[in-house]
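Line by line, the protein sequences give chains A and B. When the letters of the first sequence are read in order and numbered with the numbering used here, they come out as residues 1 to 376. When the letters of the second sequence are read in order and numbered with the numbering used here, they come out as residues 1 to 235.
Hints were generated in silico from the structure; no laboratory data involved. One or more hints might be untrue.
Said to hold, decoys possible - Straight-line alpha carbon distances no greater than 20 Å define the calculated EDC-like cross-link-like pairs of lysine to aspartate or glutamate that follow:
id: 1; chain 1: A; residue 1: 105; chain 2: B; residue 2: 128
id: 2; chain 1: A; residue 1: 209; chain 2: A; residue 2: 171
id: 3; chain 1: A; residue 1: 105; chain 2: B; residue 2: 51
id: 4; chain 1: A; residue 1: 191; chain 2: A; residue 2: 202
id: 5; chain 1: A; residue 1: 138; chain 2: B; residue 2: 2
To be verified - Stretches of chain A that chain B covers, calculated by requiring three or more beta carbons in the stretch to come under 8 Å of a beta carbon on chain B:
id: 6; segment: 100-113
id: 7; segment: 241-252
From the three backbone atoms N, C-alpha and C, an ideal C-beta is built for every residue, glycine too.
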Amino acid sequence: MIKLENLTKAFDTPSGTVVAADRINMDVADGEICVLLGPSGCGKTTTLKMINRLIEPTSGKIYIDGKDTDRIDPVELRRTIGYVIQQIGLFPNMTVEENICVVPKLLGWDMGKARQRASDLLATINLDPALYLKRYPKELSGGQQQRVGVARALAADPPVLLMDEPFGAIDPINREVIQDEFLKMHRRLRKTVMFVSHDIDEAVKMADKIAIFRAGKLEQFDSPDNLLAHPASSFIADFVGTDRTLKRLRLIKVRDAMHAKSPRVSHTEAVEEAVARMNEQGYEFIVVVDAEGRPHGYVDMQAVRERTGPVGEHRAALPATVRLDEDLRAAVSTMFMHDVRWLACVDEQGMFAGFVTQRGITRLLGQTYRGAGGPH
Amino acid sequence: METLKFILENLPAIGQRTLQHISIVGVAVGLAILTGVPIGVLITQSKRAADIVLYIASMIMTIPSIALFGVMIPLLSLIGQGIGYLPAVIAVLLYSQLPIIRNTYTAISNVDPALREAARGMGMSSLERLRHVEIPLAIPVIMAGVRIAVVMNIGITAIATYIGAGGLGAFISRGISQTDSRQLITGALAVSLLAIAADYLLLWAQHRLTPVGIRTSRTPKHRSVVAAASAAASA
Chain A
1 MIKLENLTKA FDTPSGTVVA ADRINMDVAD GEICVLLGPS GCGKTTTLKM
51 INRLIEPTSG KIYIDGKDTD RIDPVELRRT IGYVIQQIGL FPNMTVEENI
101 CVVPKLLGWD MGKARQRASD LLATINLDPA LYLKRYPKEL SGGQQQRVGV
151 ARALAADPPV LLMDEPFGAI DPINREVIQD EFLKMHRRLR KTVMFVSHDI
201 DEAVKMADKI AIFRAGKLEQ FDSPDNLLAH PASSFIADFV GTDRTLKRLR
251 LIKVRDAMHA KSPRVSHTEA VEEAVARMNE QGYEFIVVVD AEGRPHGYVD
301 MQAVRERTGP VGEHRAALPA TVRLDEDLRA AVSTMFMHDV RWLACVDEQG
351 MFAGFVTQRG ITRLLGQTYR GAGGPH
Chain B
1 METLKFILEN LPAIGQRTLQ HISIVGVAVG LAILTGVPIG VLITQSKRAA
51 DIVLYIASMI MTIPSIALFG VMIPLLSLIG QGIGYLPAVI AVLLYSQLPI
101 IRNTYTAISN VDPALREAAR GMGMSSLERL RHVEIPLAIP VIMAGVRIAV
151 VMNIGITAIA TYIGAGGLGA FISRGISQTD SRQLITGALA VSLLAIAADY
201 LLLWAQHRLT PVGIRTSRTP KHRSVVAAAS AAASA
């Protein structure tokens, strides 16, 4: 969808020529979120701004949807690309509605259609149109302003969205909320997004692909998991942090780390049956479920080996459960909190689905290191 | 007391001279807005041009008004307009340039760069950016410049009576030459009141022209209606 070919930008400064972007080659597929990441002054923002030609490239080519953007008038080009900046930049003299309608108006849309679009967009970003359409930016909180900023960028339904540290100025709690909202919206709209960030956690959370820049050069362009597992250089290893393996926990859902054959036993079944099943599967414990299939406690091999009667009478309470759609970071955190080595997982209906174990998780994370092997 | 009597006996004359006064300042500042605002906008494109233009406008401000009138007599005599209405309007037009150009220039250059970037990034051309973003945001400051120009020039126009332009200055000049304090006070009072009234009217206009989203204090509807009525009355 977006293809950068040997994209270069050199600035002439009094102290000589500075190459802000040096022969950048990237290919971002349709519907992907690509995060441009790096320390300040690394060329990530320059690269982003060359895409909508707020900065004219010195050399190199940019293709959007196969079209060479050099052949398009910059003003026309920008109207087909959504743009969100850190300072938000809502026009204070316009209402929320007028702000969202700016690009549709520039494109000559019918006003009725533009207003309808503004109203629909507000609804998708969880702001009540009846309440907010006629408000002015100064009457909104920072988080609300940035939501409107995103809505404004999406107004004319552009296939490509450029975002320059869009959530950088928002407080950490609101930032998480807005990131989640944005990801949810993205799953529905499937825009191709180029996103500048200097925050590795944000990048790992948002990105399908991460491009790490350093001094104008593209150092590594990879999926977040590969980047964390196999940093291409010591610079990147340092940049992503010594806890990079822990960061990978965010990328894996509980669903994908759950043991395929997690034994279970109904609370009415006999203890002998439970022991037999543990032996058969090779586990030291087994989850007890009720008649509907909800987790109802567990029994431990050591505790019940010599007992008889229904397992329901011998079960111990589960300290906690974890949902299938949570990430492994949440699961590991819950394990540490309760000092346990495994957790029962439940689906959306609260039914027992299986369990994750510490051993299983470390094995999963280790697989990729044993395979290719990075520099560390 | 005598002054009050003089005023009451000469109300029609005072009214007529006030209208003359307003006509000189109104026409001149109106023209100054039409020239000064575009100049102020244009010079935002070049620091060098801005320096030169603002320097020239400041120089004009330093010319004493009486000297400027004097210089214009021989020049405008070439078209038979050496004295009277036209030189007065031209002088006020020139004096109005600095506050209007400078305020326009300052207001436009001080528009938040983030807004400019957002506007550019969304695909507004330079003219669209001016029309939809920069000028609306600059209006309060531009209007403040207009107010300065108007108030200042109501005073300067009083001197235009010496080149036969009429206006309220006629009372003052005659009061001086005839050592008649009644006329002198009448003229001075009328000029001051006109300046105060004009300032209030323009302040109200400034508030009304400022986009709602950037008004500092929001005037409730009924209050602005009252203001409109009082402004209409004072006008």
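Check: For the pair supplied as a hint, residue 209(A) and residue 171(A), is the alpha-carbon distance within the 20 Å limit?
Finding: Roughly 25 Å between the alpha carbons, so the hint for residue 209(A) and residue 171(A) is violated.
Next item on the list: Verify the proposed pairing of residue 138(A) with residue 2(B), using a straight-line Cα cut of 20 Å.
Entry: 56 Å, violated
Margin query: Can you tell me if the segment 100-113 of chain A counts as covered by chain B, using C-beta to C-beta distances under 8 Å and a minimum of three residues?
Written below: With 3 residues in contact (Cβ-Cβ under 8 Å with chain B), the coverage given for the segment 100-113 of chain A holds.
Check: Straight-line Cα separation of residue 191(A) and residue 202(A) no greater than 20 Å?
Finding: 18 Å, holds
Note to self: Can you tell me if the segment 241-252 of chain A counts as covered by chain B, using C-beta to C-beta distances under 8 Å and a minimum of three residues?
What the structure shows: It is violated, with 0 qualifying residues against the three required.
Next item on the list: Starting from residue 105(A), check that the Cα of residue 51(B) is at most 20 Å away, please.
Entry: This hinted pair is violated, its Cα atoms lying about 37 Å apart.
Margin query: Checking one constraint from the list: CA of residue 105(A) to CA of residue 128(B), max 20 Å. Satisfied?
Written below: It holds: about 11 Å lies between the C-alpha atoms, which stays within 20 Å.
Checked against the numbered hints above, the structure breaks hints 2, 3, 5 and 7 and satisfies the rest.
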